[in-house]
Amino acid sequence: MTQKGIETSVGVFMLVTLAAMIWLVLEIGNWTPNASSTYEVTAYFDNVGGLSVKAPVTLAGVNIGHVASIGIDSEDYSARVIFQILDSYDNIPIDSGAAILTSGLLGAQYVGIDPGAEENYLVHGGQIDVTQSAMVLENLIGQILIRTAEETKQ
Amino acid sequence: MAQYRELLSPIVRVTNLHFGYLGRVVYRGLDLHIPRGAVTAIMGPSGCGKSTLLALMGGRLLAQSGNVYFDDIDLATLSKHQLYRLRKRMGMMFQNNALINDLDVFENVAFPVRENTNLPERLIRSLVLMKLHMVGLRGVARSMPEELSGGMARRVALARALALDPQLVMYDEPFTGLDPISKGVVAKLIRELNDALGLTSVVVTQDVTEGMLVADRVVIFANGSVVEEGQPQKISGSEKWQVRQFLDGKLDGPVEFHYAAKDYQNDLFGID
Amino acid sequence: MSLLLQIGRFSIAIVQHLGRRGKFLPHLLPGVVVLYKRPKLLIQQLYSIGVMTVLIVAVAGLFVGMMLGFQGYYTLVDFGAESSLGLAVALFLTRELGPVLTALLFAGRAGSAITAEIGLMRMTQQLDAMEMMAVDPMIHVVAPRFFAAFLAMPLLAALFSVVGLGGGYIVSAGLLNVDPGSYWAAMESGVDVYEDVWGGILKSIVFGFVVSWISVFEGYYALPSTNGISKATTRAVVTASLTVLGFDYLLTAIMF
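Residue numbers (the working numbering), protein chains in the order written: chain L, 1 to 154; chain W, 1 to 272; chain Y, 1 to 256.
These are calculated hints, taken from the structure and not from any lab test.
Treat the hints with care, since some could be wrong.
To give an idea of the interface, some chain L residues facing chain Y are shown, with a C-beta separation under 8 Å as derived from the structure [what the hints assert, rightly or not]: (1) T2; (2) E7; (3) L15; (4) M21; (5) Y39; (6) L101; (7) G104; (8) G107; (9) Y121; (10) V123; (11) H124; (12) I146.
Covered stretches of chain Y, going by a simulated chain L footprint (3 or more residues, C-beta under 8 Å) [unchecked claim]: (13) 6-15; (14) 103-116; (15) 155-161; (16) 196-204; (17) 240-247.
From the three backbone atoms N, C-alpha and C, an ideal C-beta is built for every residue, glycine too.
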């Protein structure tokens, strides 16, 4: 192969493989390089279940941010979850609710925002008061068992 | 001219050299000198360390004790960088030609020039073509090494060794494996180029006929030391038995036919 | 007593073995100047090492991805979780199979070629000839091959993963009727860019260094005979492969 052919194919090789690497990182890894264009919102849950940091925060199924941190409030022992919401979504009413949902049957857990009716919107440092904790399987089973027991009693 | 040559120090001096490897002693207290402007043939049976000597002279091997001087510079005192600079004044032709496979003949001869000088392309082209013309191979400038016959490859290696117009040229077994015509050509080139270009040549060879023809001075090695040295006539008339065995091709002498082994009868019929 | 002796000898041999390879590095690494002084040499090697390995890496990636699609499907379908197939394929590829399989294929194809080339140049005295022409063979011959291999391997691993994802997609959406959208969506929500993707890239960088180092070392110190070269080549492939697997275990344990 000619010198020019060699250099061209090496150039193509580098470009294609670098593109593959970048695609892997951005598309599959879902990397958002401008993580700074977000604002913080806090919510308290009784039980976060299997929710983990970096889990998506969605509204009507659309990804609007992610979970930044999960901690414990030392006063009432509830879970304090901090979301980073993208700045472009600055019209979330302050009376919206946050629920911890599961994607699919065995899927990862994520946060779904249920929009409220108020005209005031959440800003940086705001808080969502209406929360719904994750469904814990054991509690569900416990509820089913109790209900079945009551029905058989009747 | 000859008297003037003697006034200058030898281009290579070896003093009290001790060298061995893998537990085997090759040289014990060797003294040798290579006079300038002449063709010196170093001859001797295989395994007597002739190629090792070239490696020591080129700084590729380091002696355990003793000194090797090139142009009065002790090779052992040089840094890697300084050694490389010194090697630009040496040219070497290897036994298997050692041409670089990926490059064609032209690029092979151009290689040392490109790597060591900043000459413009036109000049390099002229230089390479002149060297190839010197050995009669301008016509194969664009062939690859694998396409050449043994004799032709040898001549390309010779052209490459002379590419930088070195002061010292070393030839490692230049006649081995060639047909009689090619041998003659190589011998002619070594002799004529040495005189025409004012070089110093060291030819390491087992080929007695060609070695004697080519050389101004002959050094005969056996068992790691010099057994005879001088002009070719003196050597061929030598009475020393080591020299006679080598020159006449006798079966036994200082180099024995039978390599050291157990008693023959015991080996064949003895108990295992 | 002789068992102790053997253990002692063996341990010393291992230390010597590693020591010689370690001593080689400070001779090798300064050769990075070749990138600056003689880029053509590097490009030539990138061609024969990188570009020429693309075919085997891409084909292998395709088949492995397709295999993962099948295997993953039949495992997940029992849980009704076949919509997560994309995630499973992606994780296996980026975390493990991409870096490891690429490294093994690379050691076999490119690594052995490097060892053989350098060994042959040693045998035909080309390296000695270069020394005598005041050219440092480490810079001219060895370093370009090392750095080309080191550079090419992680890139090839990325290619392997991408092609594998495509293969998995072909099998799942084309043959097994998994919903195409959920294939990619499951991947995007489940794959963590730092742990999974960067972890895989880090692995392939480490593997690239190791495979290149071993291939170049074995070639440089190969005995100058046909037997010597063939032994050096097999030794390079075997040692490189085992070392990659060993490091894979180490890195996986550390990272995950």
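When I compare C-beta atoms, does the region 103-116 of chain Y have three or more residues closer than 8 Å to chain L? violated (count 0)
So, Y121 (chain L) near chain Y? Judge it on the closest CB pair being under 8 Å. 27 Å, violated
Closer than 8 Å, Cβ to Cβ, for at least three residues: run that test on the region 240-247 of chain Y against chain L and report holds or violated. Since three or more residues must qualify, the claim that chain L covers the region 240-247 of chain Y is violated, with 0 doing so at under 8 Å.
Min Cβ distance, L101 (chain L) to chain Y: is it shorter than 8 Å? Interface hint status for L101 (chain L): violated (12 Å vs cutoff 8 Å).
Per-residue hint verdict: M21 (chain L), partner chain Y, C-beta under 8 Å: 4 Å, holds
With chain Y as the partner, please determine if H124 (chain L) meets the hint condition of a C-beta pair closer than 8 Å. 25 Å, violated
Restraint outcome when E7 (chain L) is required to lie within 8 Å of chain Y by C-beta distance: 6 Å, holds
Quick check on the hint: G107 (chain L) CB to chain Y CB, less than 8 Å? Hint holds; G107 (chain L) Cβ to chain Y Cβ min 7 Å, cut 8 Å.
For the hint on G104 (chain L), just tell me whether its beta-carbon gets within less than 8 Å of chain Y. Hint on G104 (chain L): holds, closest Cβ of chain Y at ~6 Å, below 8 Å.
Would the hint on Y39 (chain L) stand, with a C-beta cut-off of 8 Å toward chain Y? Interface hint status for Y39 (chain L): violated (22 Å vs cutoff 8 Å).
Holds or violated: is there a CB of chain Y closer than 8 Å to the CB of I146 (chain L)? 27 Å, violated
Proposed interface contact between V123 (chain L) and chain Y, which counts if any beta carbon pair is under 8 Å: 27 Å, violated
The structure is inconsistent with the numbered hints 1, 3, 5, 6, 9, 10, 11, 12, 13, 14, 17, although it conforms to all the rest.
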